[in-house]
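Engineer: The residues making up each chain are set out below.
4 protein chains.
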Amino acid sequence: MTISINAAFDSGNIVVENVDGTSARLSIRKDRESDFFQWFHFRVSCAVGDALDLAITGLADSAYPDGWSGYAACASTDRENWFRLDTSYDAKMGGGTLTIQHTAESQILYIAYFAPYSMERHHDLVAQVAECEGVTYRCLGTSLEGQPIDCLEIGTGDTQVWLYARQHPGESMAEWWMEGALEKLIDPADPHARSLRAKCRFHIVPNMNPDGSRRGHLRTNFAGVNLNREWDNPTAERSPEVLAVRNAMDESGVDWAMDVHGDEAIPAVFLAGFEGIPSLKPAQTEKYKAFETALAANTPDFQVDLGYAESAPGQANLSMSTTQLAERFGAVSMTIEMPFKDNRDLPDPVAGWSPERSKLLAHACLATLDQLL
Amino acid sequence: MTISINAAFDSGNIVVENVDGTSARLSIRKDRESDFFQWFHFRVSCAVGDALDLAITGLADSAYPDGWSGYAACASTDRENWFRLDTSYDAKMGGGTLTIQHTAESQILYIAYFAPYSMERHHDLVAQVAECEGVTYRCLGTSLEGQPIDCLEIGTGDTQVWLYARQHPGESMAEWWMEGALEKLIDPADPHARSLRAKCRFHIVPNMNPDGSRRGHLRTNFAGVNLNREWDNPTAERSPEVLAVRNAMDESGVDWAMDVHGDEAIPAVFLAGFEGIPSLKPAQTEKYKAFETALAANTPDFQVDLGYAESAPGQANLSMSTTQLAERFGAVSMTIEMPFKDNRDLPDPVAGWSPERSKLLAHACLATLDQLL
Amino acid sequence: MTISINAAFDSGNIVVENVDGTSARLSIRKDRESDFFQWFHFRVSCAVGDALDLAITGLADSAYPDGWSGYAACASTDRENWFRLDTSYDAKMGGGTLTIQHTAESQILYIAYFAPYSMERHHDLVAQVAECEGVTYRCLGTSLEGQPIDCLEIGTGDTQVWLYARQHPGESMAEWWMEGALEKLIDPADPHARSLRAKCRFHIVPNMNPDGSRRGHLRTNFAGVNLNREWDNPTAERSPEVLAVRNAMDESGVDWAMDVHGDEAIPAVFLAGFEGIPSLKPAQTEKYKAFETALAANTPDFQVDLGYAESAPGQANLSMSTTQLAERFGAVSMTIEMPFKDNRDLPDPVAGWSPERSKLLAHACLATLDQLL
Amino acid sequence: MTISINAAFDSGNIVVENVDGTSARLSIRKDRESDFFQWFHFRVSCAVGDALDLAITGLADSAYPDGWSGYAACASTDRENWFRLDTSYDAKMGGGTLTIQHTAESQILYIAYFAPYSMERHHDLVAQVAECEGVTYRCLGTSLEGQPIDCLEIGTGDTQVWLYARQHPGESMAEWWMEGALEKLIDPADPHARSLRAKCRFHIVPNMNPDGSRRGHLRTNFAGVNLNREWDNPTAERSPEVLAVRNAMDESGVDWAMDVHGDEAIPAVFLAGFEGIPSLKPAQTEKYKAFETALAANTPDFQVDLGYAESAPGQANLSMSTTQLAERFGAVSMTIEMPFKDNRDLPDPVAGWSPERSKLLAHACLATLDQLL
Ligand SMILES: [Ca+2]
Ligand SMILES: [Ca+2]
Ligand SMILES: [Ca+2]
Ligand SMILES: [Ca+2]
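Protein chains in written order, with UniProt numbering: chain A, 1 to 373; chain B, 1 to 373; chain C, 1 to 373; chain D, 1 to 373.
Be aware that a few hints might be false.
Copies of one chain are not kept apart here, so a pair can be met inside one copy or by any two copies together.
Here are the computed lysine to aspartate or glutamate pairs in the EDC-like style, where the Cα-Cα straight-line distance is at most 16 Å [what the hints assert, rightly or not]: (1) K184 - E356; (2) K199 - D370; (3) K199 - D345; (4) K359 - D187; (5) K184 - E133; (6) K287 - E327; (7) K92 - D66; (8) K289 - E275; (9) K199 - D53; (10) K92 - D61.
No lab work stands behind these hints: they were computed from the structure.
One chain only, chain A, in its complex shape (with noise of 0.2 Å):
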């Protein structure tokens, strides 16, 4: 029997060149109006027992070609369990190529980048928090398709605290980060989340780039805008989801801010942050370092070692939020960037980085804030 490949639904995103029998030749489609392209995501329909291989070419050109070596494909036969498949690129063969191979064990499988996080989800999960004593829900506004910028409130204290995610709508583990984040902060009975209602005043967006994401997009939103270089100056016809965003923020105040993401080509879960601003204060620094160092102490999933190369004094691109919003408001921001790849210090070859350990790493961030606060 042929296989059959499909990626008309949610965040589907597969360029099928040729198939043949149980093997297939892949490519993956830009980001609408922009050349990245990264993110995949498609389902196979073939018999058990069949040795697919599966070819995705073409990846020199991708957004982070450093992102294949060493990475292994998402997959699941249910939608709710994922694993990963054997694996292995080759940067010379068809201009970059992802091959993985699987001896199905199911009539369906549905491959992906990262174990997607749909907006049928999404929006559950916003109706259910929604629905919880002391939540406050808000449209913030707008994006170019007409989704909501979905906003959920909690917390009766001073200390401003932005939650948000998915700028880059391919990072999905981002958005399981939010529902763990929120799980979390309701539960009525977790003391750091009983401790950080009563300290603070939560404003979170699970998913600032709802066109990307339903779209299958790595980077950008409907335009082939990059969300996180609008900042400085969102515009309703280019960038209309940070423009709601900023502003909210403008009337709320952010004491600390976390912008969740997942990196392509570290292997670790690690923070970025805003050294390079113009105005640094120390005592900003400072919280920002001891919150890193709390972190690291709190759970075996997050280290200090890899990351980004920080920025030179006064040289932040303050076009990113990070930086903007640590320049704006004097807050103690931070990008928290989870890998595709596993985490290099506490590998597992079966799940890699999982749904499962973003909600997780969510739980340690807050206990952490809590600790801090």
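Please arrange chains B, C and D with the ligands on chain A, whose structure you already have, making use of the hints.
Structural biologist: Showing chains B, C and D with the ligands alone in chain A's frame:
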């Protein structure tokens, strides 16, 4: 606070004409390339306690203007449990206006013509059933927008039974019926299922019109085509969904067929048959009538008084699936119609006709089939 | 490693004669103050891969020696999912020996005569049903050991229907049947339930013998009394459980009654009636026969060929509940018998007769009752 | 209607002195062969709206008369969700009377000293954890009534960690803590669990006193013996439960030990250590103090101000497990005490200290252990 209305999600459909505080004037978008409209599905965000007053106007031109009188809108706060809202219809106001009034008990309220069945839920269903022992998955083809026409096959017997639904995508109860049918058929303990799996080969297409479903259509596919008028001559250009299914039927043959629908106007569950086909055989009619009689004995939710007028001898419209299959295969074929309103004979003011009742009706239909075989 | 066997828990019953490696010689403890024994329930702890060889001896003296031939023991690793084990019976060895052989796939294996229904699960069921709208809870009295005789009442109609189970505590399928009956009757969507709630007043006693249940008895209460031989003259000293229920029946009257049981020897589901009662009325017999016929049409798991011999006219034993209620109230009363073995006509080598099938049988019994009323 | 009170179930304990309408005078049965009493657990059946007025008398003679002031009784309608009731204590009335007043919102209300943890739930937990990859089950011995002393072993490291609970059976929060600990330790995604499984060998005894648990005891086993005064000289006659566990500890050695308890009087979570043992080593004390400090940093539900007075040097009572293990093995051993009342520092008037909080405390204890190793 002013309420906010959004429909930019799977099967969403509403046009916001005007919002004033907690009141809104709305209308329904037509199916693409078509004049049909009746399905609506949108989200209201508001404050608890808001006196919502929502007017959907222009309904005199809807596909089934008789569908509005005696109808109550469906709503959910958590997207799982659906209930009915206070609803009234004034045919003379605003070109036919449905008025929904509700004091909000939550900050988010989903409102729809009937409890939606999303494509994500569809894919969950297909993937999970495909993993069950004894189930074969087949992709019969793709829709105009490239979505798969999924078919699940169960059973080792010789009687060929085809179950298919949602030719008319706004009739979402039809896919709830399918979920009920599949749950029963894969139940390892159910005696009817065990008996049927031995007697029959089931071919089950839970959704024949994924494009219309996702787009929030009432009645047509991406090309504005009513699929249930294409069975005499389906084409790859207009109706590949029907072509794919009919080709597969030609391979297997069809002994029994159930085409699952919702009816906008009639407040009852009823069958429609194939009495006007040229080749009508007494045994065929007899089996159909026996099924109808037995089903009425098997569930208080089915009846035989209300329904469509029968075609005169030889006057059947062979572009419809039920008649086409009866004529083409000598099948005992039937259209199963469930109400958007409620079952007049067993009304439930809280839930009206519901997903749960649709699923239980499927159980009764399968038990009845087992009795007759 | 030597296996370890324990039965010191709810409904546990085994005597360990000898353990040698992964083999054990066992016997069954008699019901307190009685010679009846047949129910067993114990836990084996072992190593994965152990070749378990368990011999239950002395069964020629058990209550139903014909129960062992063709019987397979029930087992579970997680206490939720129950399956059958390889089992054989040798009437001549060791005074009648049942041999269970199984290669352990888990470290803990529960083995029982039938899937147990614990008193904790009973209390969960009662508490959760008692919270449902329209349900009245009554404590009808207490057992000899002080446990409550719980009764749940549902429905607003005039027809008085009594459902009661587990007079014989080792027949645990009877309480699974009850769980199925209660689930259906409280389902807000189920059309039979909605119809029955309007026509009837149900009085439901899920467990008439909690003392015997907890103690792992087959057939008697704390005093060694077979409750189903006490209905002509129940006493506070010997059978307060029956006295409590019969007194409540005297208050309400009884139109229909179902006494739910398991049968050790016959591999089928069948009814037993009241044909030998002095006051037998044709209409009463007719309704009973109509129920039996309709039930056979409604579920492939019921049949009318196998069963008990009927009593001769006037020869009914009025100490049994079915005959007593038929005589005392003119009720259409019946004993529903399910097999410990399997249903010969629809065998399932994996599960045999099971909790799930018991629950589905209850659904069919209630649907049938609705049809006849 | 007159209410009905029953306690004839797992861990039930109440004596009904008198019932008058919706009021009752009650007392608590002593532990068998002992004068200890404090645990209660009973079921009230009543009508919705009943003004329940329940007086538990004679409490001046209870084991911990200081436990009643500031205490609120626990209740549940569904046996899953537990909440606190309006409760007051008058030391001078009726020999010490706890008065519970509540307007019934359900027909069945379970009331207990703390949310119970039944032996059935215990067996579910043990069977389900024993099936997890990497878990070894051992039956260490049996209680005086023949119940198994279940031990679950996890981890491949060299550090021997013993977790054991419910020496005092009425301290049911201790087994909820165990459920939380086991859930975390078997979680394939949890980074602390993954780290701990590599460093340690866990030996986990969720319930050391099954006889007392089932019988509704506060503090002793079947023989009326306080197991936590037997560790210097456990015997098969008086304390086989301790003997079995201590023998297994002698085999494995003990590096860290947590003995989980509830405290009746002190409204806080705290540790008790081993400061008075003869062989006290500075490093041992240091690790204990480091754990206590880190735990206080890790959860707002733990504190170090309230607690027991420390023993003077050399004055430790070596019959208690914590001191015995510290002395015998040089272990870092600790008694973890949770309140029956509430955590004074983070009070929750609705739930008080709860099963959920007990489970989260276990998570924090394990995270803390991972930090220190
Ligand atoms: Ca990113
Ligand atoms: Ca239709
Ligand atoms: Ca029986
Ligand atoms: Ca204690």
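Engineer: Would you mind marking each hint as holding or not holding in the structure?
Structural biologist: Results for each hint:
{"no.": "1", "hint": "K184 - E356", "verdict": "both (13 Å within a copy, 12 Å between copies)"}
{"no.": "2", "hint": "K199 - D370", "verdict": "within (9 Å within a copy, 28 Å between copies)"}
{"no.": "3", "hint": "K199 - D345", "verdict": "between (34 Å within a copy, 15 Å between copies)"}
{"no.": "4", "hint": "K359 - D187", "verdict": "both (14 Å within a copy, 13 Å between copies)"}
{"no.": "5", "hint": "K184 - E133", "verdict": "within (14 Å within a copy, 27 Å between copies)"}
{"no.": "6", "hint": "K287 - E327", "verdict": "within (15 Å within a copy, 43 Å between copies)"}
{"no.": "7", "hint": "K92 - D66", "verdict": "within (13 Å within a copy, 65 Å between copies)"}
{"no.": "8", "hint": "K289 - E275", "verdict": "within (11 Å within a copy, 37 Å between copies)"}
{"no.": "9", "hint": "K199 - D53", "verdict": "neither (53 Å within a copy, 38 Å between copies)"}
{"no.": "10", "hint": "K92 - D61", "verdict": "within (12 Å within a copy, 61 Å between copies)"}
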